[in-house]
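Residue numbers (my numbering), protein chains in the order written: chain A, 1 to 315; chain B, 1 to 334; chain C, 1 to 341; chain D, 1 to 330; chain E, 1 to 547.
Take these hints with a grain of salt, some might be off.
Unchecked claim - One side only, chain D facing chain E, incomplete, derived with CB under 8 angstroms:
hint : residue
1    : L175
2    : P179
3    : M180
4    : G182
5    : S184
6    : F187
7    : N278
8    : P280
9    : D324
Simulated from the structure, these hints should not be mistaken for lab results. Quantities reported herein were computed from a predicted structural model and do not represent experimental measurements. Just so it is clear, CB atoms sit at the ideal spot from N, CA and C, and this is done for glycine as well.
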Amino acid sequence: MIGAPIQGRSPARMAWDRIKKDRTAKISAITVAFIFLLALASPIFTWILHTTPDQFHPETLDPSFGTNPVGKLGGISAQHWFGVEPRTGRDVFLRFAYGARTSLSIALSATALATLIGVLVGLVSGFFGKTVDLVLTRTMEIILAFPSILFALAVTPVLENLLESWGVPTGNATRIPVMIVVLSMFGWPYIARIVRGQVISLREKEFVEAARSIGASRTHLVFKEILPNLWAPILVTVALNIPTMITSEAALTFLGAGVIDPTSDWGAMLLASVPFYSVDPMYTFIPGFGLFILVLAFNLLGDSVRDALDPRSSR
Amino acid sequence: MSQNSKVGNDSGEEIILSVSGLTKHFPGAKTSFFGKHEIVQAVDGVSFDVAAGESLGLVGESGCGKSTTGRLITRLLEPTAGTVVFDGQDISKLNNSELRPIRSDLQMIFQDPYASLNPRHTVGTIVSTPFKINKVVPEGGVKKRVQEILEIVGLNPEHYNRYPHEFSGGQRQRIGIARALALRPKLIVADEPVSALDVSIQAQIINLMKDLQKDFGLTFIFIAHDLAVVRHFAQRVAVMYLGNIVEIADRDTLYSSPKHPYTKALLSAVPEADPDAVGARERIRLTGDVPNPINPPSGCRFRTRCWKAQDICASSAPALLQIGQTQVACHFPE
Amino acid sequence: MSAFLEVKNLSVVFPTEDGRVQAVDSLSFSVEKGKTLGIVGESGSGKSVTSLSILGLQKGTRAEVTGEIWVDGTEIVSANEDEVRKLRGKSMAMIFQDALAALHPYYTVGHQIAEAYLVHNKVSKKQALARAVEMLDRVGIPEPHKRINDYPHQFSGGMRQRAMIAMALSCNPSLLIADEPTTALDVTVQAQILELLRDLQKEFGTAIILITHDLGVVAETADDILLMYAGKQIEYGTVRDVLQIPQHPYAWGLLTSIPRLTGDPNLPLTAIQGTPPSLISVPSGCAFNPRCNYVDQVGTLCASSVPDLLPIAQGQSHYVRCHMNPALRESIFTTQVRPHL
Amino acid sequence: MLKYTLRRIVSGTLVLGIVSAIVFSIFYILPADPARLACGKSCTPELVQRIQVALELDQPLAVQYGRFIKGIFVGRTYLANTDAARTCSAPCLGYSYQTDLPVRQLLMDRLPATLSIAVGASILWLLIGLSSGIISALRRGTWIDRTSQGFALAAASLQIYFVGLILQFIFVDKLAWLPMPGYSSPFEYPLDWAKQMVLPWVTLAFLLSAIYSRLTRSGMIETMGEDFVRTARAKGLSSRDVNIKHVLRAAMTPIVTVFGLDLGSLLGGAVITEYVFNIPGLGKLATEAVSNLDLPVVTGTVLFAAFFIITANIVVDLLYSVLDPKVRLT
Amino acid sequence: TASAATTFTTPVAPIKGAVKGGTVTILAQGDFEHLDPARNYVGGTLDFYRLFTRSLTQYRTVNGKTDLVPDVAADLGTTKDAGKTWVFKLRTNLKYEDGSKITCADMKYGVMRSYNDDILDGGPTYAKDFIDNPTNYKGPYTEPGKDLPTVICSPKGDSITFKLSVAIPYFPYVTTFGAFSPIPKAKDTKQNYELHPISSGPYKIKSYERGKQLVLVRNNQWDAKTDPLRWNYPDSYVVKMGADQNVIEQSLISDSGAAKTSVSFDTNIITNLSKVLNVAKYKSRLFNFDSAYNRYYAINVDTVKDINVRKAIQCAVDFKSILLAAGGTSAGSYANSTIPKSIKAAYRNFNVCGRDVSKHPEAQLDQAKAFLAKATNPKTTLRLAYRDRGVEPLRAAALEQSLKAAGFTVIMDKYPSSDFYAPAAKRGVPNEPDIIQTSWAFDWAAASGIVYALFDGRSMTADDAKSNQSRGNFPDLQALFAKADVSSTAAQEKLLGDIEQSLIVDKAAHVSVYFETSHYMAGSKVGGLQVDGGYSTLSVLGAYVKK
Ligand SMILES: Nc1ncnc2c1ncn2[C@@H]1O[C@H](COP(=O)(O)OP(=O)(O)OP(=O)(O)O)[C@@H](O)[C@H]1O
Ligand SMILES: Nc1ncnc2c1ncn2[C@@H]1O[C@H](COP(=O)(O)OP(=O)(O)OP(=O)(O)O)[C@@H](O)[C@H]1O
Ligand SMILES: [Mg+2]
Ligand SMILES: [Mg+2]
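Chain A extracted, bound-state conformation:
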């Protein structure tokens, strides 16, 4: 809109102002923040509840059916706010809180790694074109041709063994890095494709020509001219990628290639709940609902970020 210029607002600032006005974004942000807080504060609850997420509580289970917590709704009580786990009597609330920690840190690290790789590859591939581009796009094509869940399942033990052979101790110390690598391995091509497309169109933009015409180096072109224009799409991609990563992490764990007991994780809690969903539905419901809310909040937030950064897309 041509006309009275608005006082010195950068595009980022305008997006931020738009987000601040968005009620959905606010509620989602609060929800996400709340879950983060729960994850961060989980040790405090250990102290309040005088137990740990790994502590067995055989007394809370029906002695003849280890699968049945004593009491209603999966054994919810003043001591066990979300009930207890069948078979072990471990406190579900603590496992939930600690699980949020694991799930979030894996998903976020994987997103970060995937974004880093994706952006770098996208930049290089889009900007330099030719053979480099051909090789990189082919690589992406091959990765995308992999049945990702299956392959992730298959490759996890392999990578784990590899790490172990380098002397990393068995268990979650290897499992978690492996998960992050595997998740980002299948995540980066999506980001790279978006970045590459953007770079290709930006590369042809006249302002890049203009910079070239004053003798700018490639580094300048990539990092000073093109990259600043990528923040918005990257941010949107990241925002929409986080929920996908959370889901994938949970799915991988659910299929058994995830973190190892006793470390808690939402996907692992769901997996553990499968045999009991009909006797103790609460145990399924709690991590499932948590996952749903978290993913929903991130999705809504991602939508808001996208709308704010790209005002043309309207709901």
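Position chains B, C, D and E with the ligands relative to chain A; hints supplied.
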């Protein structure tokens, strides 16, 4: 093409740019992943000279290779063949680092005032980038110099920290001009600098550029498809058709007695805002569109739309020859 | 006599988040069969909105349309969608600036023309396609029976515009609205298209509204000119009147600022200062006053009250919206403007 | 077009080759010994070694892979020229370490279940997704739109396993309207088949239709802003014709592509769905094989799935050229 | 029990209410490893093989009572030298499915070919292990002309004699295995024999598609009068293979379609147990019985040298939380001993860590700490080896908790599900486990089927503990084993019971935790199913389709 003489202007001024046999063939759109490239003959053997301080207009229909020529001269593209001698140095084969010192003398103004400014940079950053890249520190510092330039192009120096989206099209084009001016270039290639602007704004920019040329002794290559606009800016005009120059002459000669049928047709097609002139003017209506540069017609490229075309036009390409004040490439000039 | 199209006091407002956009403000004009009205104005002055309102295409959107639009005896603003739909294509048709975007990429040109014909005529598909061939032939596309099977992207720019025209004219509409039909085209092709429009008008007696920002195009094609600025009509009259004795300072500015093929090229162009206003906050009074060189001649009135659209003299059909009195205008025009033309 | 198709098939085969090589080498560096797995309860080192020979695990990786590829195209003979020779005709994917059955047969046995899920669910999600997306787009901004899109976003944020378990709890355990999900042959027990498939279909369709609904809606809305839609209206077409013939037609193209790819990856095994509902499909086969380190089956399933994905890609590209005349394939 | 007094040669009584006809479907997770009698070794399916394979002796279960009965044999074998030489009388009126007679030579050939276990891999090796082999016989495929002189048919072919290398008092139990089945030499197709074993039982193989299904139909040549243990109600049995554990569980639970007439022999209801146990309509179709499986912890005496540390471990074991992790008392019953109570001759009702574990299953932490304090060579960091399968990690976690509470530090060492027993039995390797969480199911219902395998240190080598995971090789117990080797069955059982008690109570090298309870389910239209004491499984021998 024009092998003979460097056509200078009569006054024998210093030739700052001399282009000869300039050719650019693009790999055309690939039709599939493995498909072969078609060859787009965007510019094919273009030669002309530009004297210091003059402004040369380059006109022609869409796709005839004007921008490509401009970008070859500023070495944003590497020519397939031919030479570009700028300030006594052949720059057609230089690599990026060798070009760097010349860049500040050779600047470009772009058509699209929206796409040519990085939306993430402030006006200050945009105009000061030339200084930073060429590591030039002007007297009084970069900021001061930039603000001076902003003032010169008619912008408020206080707009230093604003972003392009806060400006109108005309103002943005001024920013683009400021950037081109920053390092005091000798030659500016302006690629359709006003065609994206509103009529009421076009005149502002044309006037501004004219003033700048006068004040700083700039040399301009002014690309446009609008003959009337060129007439108001350039002292000499070259007409392009499908990658070739078909006619070059000084302004008055070209507009009053065009030699090439294409020039003639082009002139007669310009609508005039004068109801009396409408009936009075001779009308030449070309049929069809400009042919595809992937497969240009043999011989004279204009023959497919030319009402004068004979057999010879299909078999041999006419050279650019001097006829009176004009250089024209036609077997049957007017 | 009553004209084929009669627009009275048309106003269009878009309520947006940033404010109410007064895109068109009390516009009145008429077009008779066989005549051409040129609407001229800068980008954003409301030309396209006007044309869309005439076709009733703003029904069902957030646009608030008021006033009256009479097409062939039907009032469009108050009519319901179905009534207007029956008029569209048949009584009035439209061609758009960007023909590539305006044609559906997935259907053949022939199909799209035939479709337009089929809606309003009880004919078979075959007959409709035959009509499409006929129309393409009429607008000068070689080998039309082959080209009907082409998709829009296989046509060149000029051919697409011709196809659009063929589509618009397939049902012999009495009114054709051409919204910047040649802006995207080269001059040589533009000339072809304008000539085609003129020929067709002669043949079918169509009323044409030609929207453009190029006064040259209007001069060559139109009978009347409506000059718009910031949603308002500021000058309205025959081509000859408006171009030869323009009354509004904006018209003066436009005429003197466009480069021409005649006249002294060394004289600087007299540009209009400033930029067009935002339609959300149109300057009070005469919208042009911040850019007008002659505000001093009138005083505060320019900034405080909107001038009425008045005939330049009693009984004249040349209207202008300016606070300056006719004599003053006359003198300024002769002394300061005419020499630059 | 034919040339293009052939070329795509060749390059797709190449990609498959690379995928198989990767899968193959990854399992080769796995320290766990497949021979031990195939050996059984009374296993001795000699026996392990004999099995190693029988499975040709003693050969170098390149030789193993070469034989594997050969098996696919022309078949192969294990332990040729020995008493224990057995021939596996092309396309041979080897024998399962676990069950000693031809992998091809395992895949074919599991395919019907996966096919049942994929086809049924995709019909359902297309129906629901498209119709709700269309209605939303046409009634943009109304409560219908808001409700359906809110629902879609929520559904898209749900997990198959969570929804699957909840639905199973409600419809199987509490209400007992449906039998436990599973797979019965549709030819022998059509009714049981349908009843058992209902939950997998609904679950999968629930989540995916949400995505399609959003996709359809945004595609339609975007298209509605296109110039050619305005042209269609200017022609005097009825809004129904405009919406269906012009808007939907244009909005459909990307949806068809996405659908093709989704179906393709689903055909390779609806891993989670099969896992949750205990359906003996390809995905289930693969997860079992992975946990048993049954290399031939893992390679087979991954290749099979990759085959579907790549085929879907090719089909989608060809389809795209049919749907979008601008795309010219040579 | 191997007394010649009871003969059991008469046919078994009909099952009340059973009717003939119909098809019983058996749902199996996978194909049989082998159908060749010499190569069968998989617990749950051994019952099923009896439908078409007769062996020298067999188990018969009627009304919950299981006896060893002569099958192809006409008696339960006699020995005159306390078990070193065994003579079995043979029935002479038996026929194969093709009508040809079953001869003593066929019985001997069956034994002989089991020596070719290089080709016929997979089965138990008892015949080869126990029968004396002075000529180093290698099997009929390797040495075609050669004889096995220690298996002797009487001239009339009505009895068969086995000369063993040592006295094996329980040999008649061993002869239930498939190596002691008749095989006509002319029909032997070596490793392909399993594709169509010639039937000697009431059913014969009609079709067999590997991995898919096996169809059994009536064998008209079989005569019910000659058979002391088999019924033959359905017209056919169909084994459907390839379904998954949960698929089978759930289709049995849902009882729809073919599942109504179905039963499974390899699928214990595990996943859905708590659900079906709680619902009456499922309960009626559920068969709950003690399986042969005992879950126990072997304490490695090589690495945990101090007896007090071992005792501390014994006391620290929290039977309760371990069993809860496995499903509570419905999924298993606490056990002080790996010899089940049902093996009365050998079972000892001793206390573990001074308490009756069935009454006080909780960990005895104070005592554990006290023992640990007493240790002269305290080892407080323990490596616990367990398998990554089912609830085993959870059980290990339960043990970890109570060990920690008792003052130990625990290193959890998870082994892949597929590769556990052999690596865990490696001796003298780095990271050798201190506690091994493992289990045992007896091959026959006697202490000899347990104690020899689990506690006989004499079978160990320097680097392999074999199935003696606690690696005990105590001189006093060695002496007892030597004595048991040459004792009569009854005396041997008693001695073996003593050995186990000593190993658990005195040496503290073993903690038995519970016997798993099996929960098998059948479709609502299948009758005649009963728990077979011989194989501790749900037997389909008496199955019939309810009208
Ligand atoms: N990078 C490129 N790759 C391939 N073809 C190109 C490229 N750049 C230009 N062309 C082709 O070269 C021809 C000349 O293009 P150019 O941009 O120089 O024309 P122009 O005269 O500037 O036209 P316009 O008036 O539309 O700007 C056109 O056919 C164009 O499609
Ligand atoms: N749907 C809409 N919502 C809000 N504002 C609109 C809408 N359509 C048009 N406008 C505004 O109305 C004004 C007039 O627009 P219109 O398209 O008629 O201009 P125009 O004269 O045709 O310009 P151009 O020459 O650029 O085509 C512009 O300021 C535009 O931003
Ligand atoms: Mg250009
Ligand atoms: Mg417009």
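Do the hints match the structure? See the list:
1. Interface hint status for L175 (chain D): violated, as the beta-carbon distance to the closest one in chain E is roughly 14 angstroms, over 8 angstroms.
2. About 4 angstroms separates the beta-carbon of P179 (chain D) from the nearest beta-carbon of chain E, less than 8 angstroms, and the hint is met.
3. Interface restraint check: M180 (chain D) against chain E, minimum CB-CB distance 4 angstroms, threshold 8 angstroms, status holds.
4. Restraint check, G182 (chain D) versus chain E: the minimum CB separation of about 5 angstroms is within 8 angstroms; hint holds.
5. Below 8 angstroms, beta-carbon pairs count as interface contacts, and S184 (chain D) has one with chain E at about 5 angstroms; its hint therefore holds.
6. This hint is violated: F187 (chain D) has a C-beta 12 angstroms from the nearest C-beta of chain E, more than the 8 angstroms allowed.
7. Nearest Cβ of chain E to the Cβ of N278 (chain D): about 4 angstroms, under the 8 angstroms cut. The hint holds.
8. For P280 (chain D), the suggested interface contact is upheld, since its CB lies about 6 angstroms from the closest CB of chain E, less than 8 angstroms.
9. A hinted interface residue such as D324 (chain D) counts as satisfied when its beta carbon comes closer than 8 angstroms to some beta carbon of chain E; here the least separation is about 43 angstroms, so the hint is violated.
In the structure shown, a violation is registered for the earlier hints numbered 1, 6, 9, in ascending order.
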